[in-house]
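Chains as they are written, first to last, in our numbering: chain Z, 1 to 357; chain D, 1 to 357.
Each hint should be verified, as a subset may be incorrect.
Since copy identity is lost for identical chains, a pair holds within one copy or between any two.
[Unchecked claim] Within a straight-line C-alpha distance of at most 30 Å, the following computed BS3-like cross-link-like pairs (lysine-lysine) qualify:
id, residue 1, residue 2
1, Lys-303, Lys-5
2, Lys-151, Lys-264
3, Lys-151, Lys-348
4, Lys-262, Lys-329
5, Lys-283, Lys-129
6, Lys-73, Lys-283
7, Lys-145, Lys-348
Simulated from the structure, these hints should not be mistaken for laboratory data.
Number of protein chains: 2
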Amino acid sequence: MIIQKTENSRISSFDPENYSFGDHFTDHMIICEYENGAWGEAKLMPYGPLPFSPSNMAFNYGQACFEGMKAYKDSSDEVYLFRVNKNFERINKSAKRLAMPEIPEEVFVGGLKALMDIDRAWIPTGEGKSLYIRPLIFATEEGLKARVSNKYMFAIVAAPATSYYSAPVSVKISDYYSRAASGGVGFAKAAGNYAASFYPTQLANDEGYEQIIWTDDSTHEYFEESGTMNVFVRIGNTIYTPPTSEKILDGVTRDSFITLAKHKGIDVRVEPIAVKDVLAAQKDGSLKEIWGVGTAVVTTAFKSYGYQGENFELPVLSEEESFALSLKKALVDIQTNAAEDPFGWREKVEKDVLQTV
Amino acid sequence: MIIQKTENSRISSFDPENYSFGDHFTDHMIICEYENGAWGEAKLMPYGPLPFSPSNMAFNYGQACFEGMKAYKDSSDEVYLFRVNKNFERINKSAKRLAMPEIPEEVFVGGLKALMDIDRAWIPTGEGKSLYIRPLIFATEEGLKARVSNKYMFAIVAAPATSYYSAPVSVKISDYYSRAASGGVGFAKAAGNYAASFYPTQLANDEGYEQIIWTDDSTHEYFEESGTMNVFVRIGNTIYTPPTSEKILDGVTRDSFITLAKHKGIDVRVEPIAVKDVLAAQKDGSLKEIWGVGTAVVTTAFKSYGYQGENFELPVLSEEESFALSLKKALVDIQTNAAEDPFGWREKVEKDVLQTV
Numbered sequence: 001m002i003i004q005k006t007e008n009s010r011i012s013s014f015d016p017e018n019y020s021f022g023d024h025f026t027d028h029m030i031i032c033e034y035e036n037g038a039w040g041e042a043k044l045m046p047y048g049p050l051p052f053s054p055s056n057m058a059f060n061y062g063q064a065c066f067e068g069m070k071a072y073k074d075s076s077d078e079v080y081l082f083r084v085n086k087n088f089e090r091i092n093k094s095a096k097r098l099a100m101p102e103i104p105e106e107v108f109v110g111g112l113k114a115l116m117d118i119d120r121a122w123i124p125t126g127e128g129k130s131l132y133i134r135p136l137i138f139a140t141e142e143g144l145k146a147r148v149s150n151k152y153m154f155a156i157v158a159a160p161a162t163s164y165y166s167a168p169v170s171v172k173i174s175d176y177y178s179r180a181a182s183g184g185v186g187f188a189k190a191a192g193n194y195a196a197s198f199y200p201t202q203l204a205n206d207e208g209y210e211q212i213i214w215t216d217d218s219t220h221e222y223f224e225e226s227g228t229m230n231v232f233v234r235i236g237n238t239i240y241t242p243p244t245s246e247k248i249l250d251g252v253t254r255d256s257f258i259t260l261a262k263h264k265g266i267d268v269r270v271e272p273i274a275v276k277d278v279l280a281a282q283k284d285g286s287l288k289e290i291w292g293v294g295t296a297v298v299t300t301a302f303k304s305y306g307y308q309g310e311n312f313e314l315p316v317l318s319e320e321e322s323f324a325l326s327l328k329k330a331l332v333d334i335q336t337n338a339a340e341d342p343f344g345w346r347e348k349v350e351k352d353v354l355q356t357v
Numbered sequence: 001m002i003i004q005k006t007e008n009s010r011i012s013s014f015d016p017e018n019y020s021f022g023d024h025f026t027d028h029m030i031i032c033e034y035e036n037g038a039w040g041e042a043k044l045m046p047y048g049p050l051p052f053s054p055s056n057m058a059f060n061y062g063q064a065c066f067e068g069m070k071a072y073k074d075s076s077d078e079v080y081l082f083r084v085n086k087n088f089e090r091i092n093k094s095a096k097r098l099a100m101p102e103i104p105e106e107v108f109v110g111g112l113k114a115l116m117d118i119d120r121a122w123i124p125t126g127e128g129k130s131l132y133i134r135p136l137i138f139a140t141e142e143g144l145k146a147r148v149s150n151k152y153m154f155a156i157v158a159a160p161a162t163s164y165y166s167a168p169v170s171v172k173i174s175d176y177y178s179r180a181a182s183g184g185v186g187f188a189k190a191a192g193n194y195a196a197s198f199y200p201t202q203l204a205n206d207e208g209y210e211q212i213i214w215t216d217d218s219t220h221e222y223f224e225e226s227g228t229m230n231v232f233v234r235i236g237n238t239i240y241t242p243p244t245s246e247k248i249l250d251g252v253t254r255d256s257f258i259t260l261a262k263h264k265g266i267d268v269r270v271e272p273i274a275v276k277d278v279l280a281a282q283k284d285g286s287l288k289e290i291w292g293v294g295t296a297v298v299t300t301a302f303k304s305y306g307y308q309g310e311n312f313e314l315p316v317l318s319e320e321e322s323f324a325l326s327l328k329k330a331l332v333d334i335q336t337n338a339a340e341d342p343f344g345w346r347e348k349v350e351k352d353v354l355q356t357v
């Protein structure tokens, strides 16, 4: 790995008690370039702009995918990553579906650890705080012909994230717009999937909803995802979440919730969730919770949902009663080394990683 | 408009008798930046890279859309554009669906004419040659939160294109992969639509097909597009093309073909094309032609197609017999000022546009 440390650290401009997510990027970033059929040597360098022309193929044909990860500091200032291998495997699934080259493990994992080590001062401590990490791959060849790029960049950038807390939101069950086609790229963390979701979300916002529960594009009868998260429904004391598919992202937080719920003895069913079954459970009073899960906020609980012009309220549960909130706490405790980790998910970032890369 | 002419023209490195499409970009480009809710002043400047960090939201969330256009020189070296308003309207339809700001007409059309005027020496002459023009809009804010960008760039770049000729190709009728969801962004020239098509196309290439005829994602029973083009089918002496929809691009070449065919007295039906009807016409001998149309190649004729493991040959027609080839010739003659333009499609680029902008 080529190491080029910054000579102008911006850490003094960062107040860990007073910042917003995305206001600050850490001092460094990892980049690695692909050309002539091979990845070059990874480079740790100061975070900042690089030269790309408007004919860059990522801007034109959208070959770009990413991961979302977090690093956490425990009460002893030790730094931990979480289920790194899941994100490494998924970025390569996304890359494959977008006809992009897969990134080698030593570049992804080695780059991640080196960046976390050198920028460890940027990882905030305290309730719910973390460093959000963004690995991504994007096309970099200049060209106007709609074809696969011959050049790519892998990069890792990072920014301090604020508290996990997010107030319960109201969501709209989509009966027109959709985020994924059968035989499409919905399972990939493809850049274009996000752009496609913004306009329908704005329309839902205009109707007073904060997010959309995406349904299948053919019938709109089955739940797929919620916002940019996987979705869970609790009916009685059973948790349901749709099986992953070519249309549904294989979320790391989703998988962790399923595992934690089973570990706690909760009945978890990974099966299609029909809108009509949710409405029936609403009617008979057995619908207890609906929530979304993802790396950024871990869990967003829903307070109400709209479907075809009608609004439905969800019960207000205490943190003890709520499966969503108790599972979230269990997960965060593992992530931040506040609890045992029976699953081997937590990974400590050793100091002075750079001396060994 | 801010004008910054190059001091290092690269035109002497461009041999108009010997080049490949995309090898060369013209000396200049147009850029215009959007922030604080408004587009700034357009700028004509030397073509080249600009600074963007890997946290650029276009790389991460794919807010990016484009247009494809061409400029042509006639035998007197006058320069013409084609149906500029159609592309202007469409880029804004794409922008709206991707929750991006619409570009003002004076920036799009004014920028286009200024660029064509200053770089007119780059427009090659001769059979089928043209200058390919790429207007695009993409997000430019740096951020790691999946939301709409607050900053954008509009740009126009251009590259000399080679002859229109493309040999007839074999295509695969998709029975698994798809390019567009109902309620999705298929009608937009969204960057992500192209990235999503590359991997299925590679798989089809591996089976010996050059392109895919995309079918609806729910049933795969109806034609949608072919490769990156709109698709036409001729049965007997009637031409069919699917109606535009939220899933099908409203192609300028498609619209021009429909208009030209009607003008020639050909029976044109804009209606869904069922795979089973194509197969039935193949069986009874009435299937004459299938072809794709788009700005880049105008027309690609198909020589054969595959469906569920079976291959079907299409008749070999002369240029006189072929509707695809005679309509193509009629269109190119209008574009290059080799024929009358009864539709008012052609637009001459006046000299010294820059003095008036």
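Taking the hints in turn, this is what the structure says about them:
1. Lys-303 <-> Lys-5: Classified as neither: same-chain Cα gap 47 Å, cross-chain 58 Å, threshold 30 Å.
2. Lys-151 <-> Lys-264: neither (47 Å within a copy, 46 Å between copies)
3. Lys-151 <-> Lys-348: For Lys-151 and Lys-348, neither the intra-copy (33 Å) nor the inter-copy (37 Å) Cα distance is at most 30 Å.
4. Lys-262 <-> Lys-329: within (15 Å within a copy, 67 Å between copies)
5. Lys-283 <-> Lys-129: Neither: 39 Å inside a copy, 66 Å across copies.
6. Lys-73 <-> Lys-283: Classified as neither; 44 Å inside a copy, 69 Å across copies.
7. Lys-145 <-> Lys-348: Classified as between: cross-chain Cα gap 26 Å, same-chain 45 Å, threshold 30 Å.
Violated hints, listed in ascending order, are 1, 2, 3, 5, 6; each of the other numbered hints is respected by the structure.
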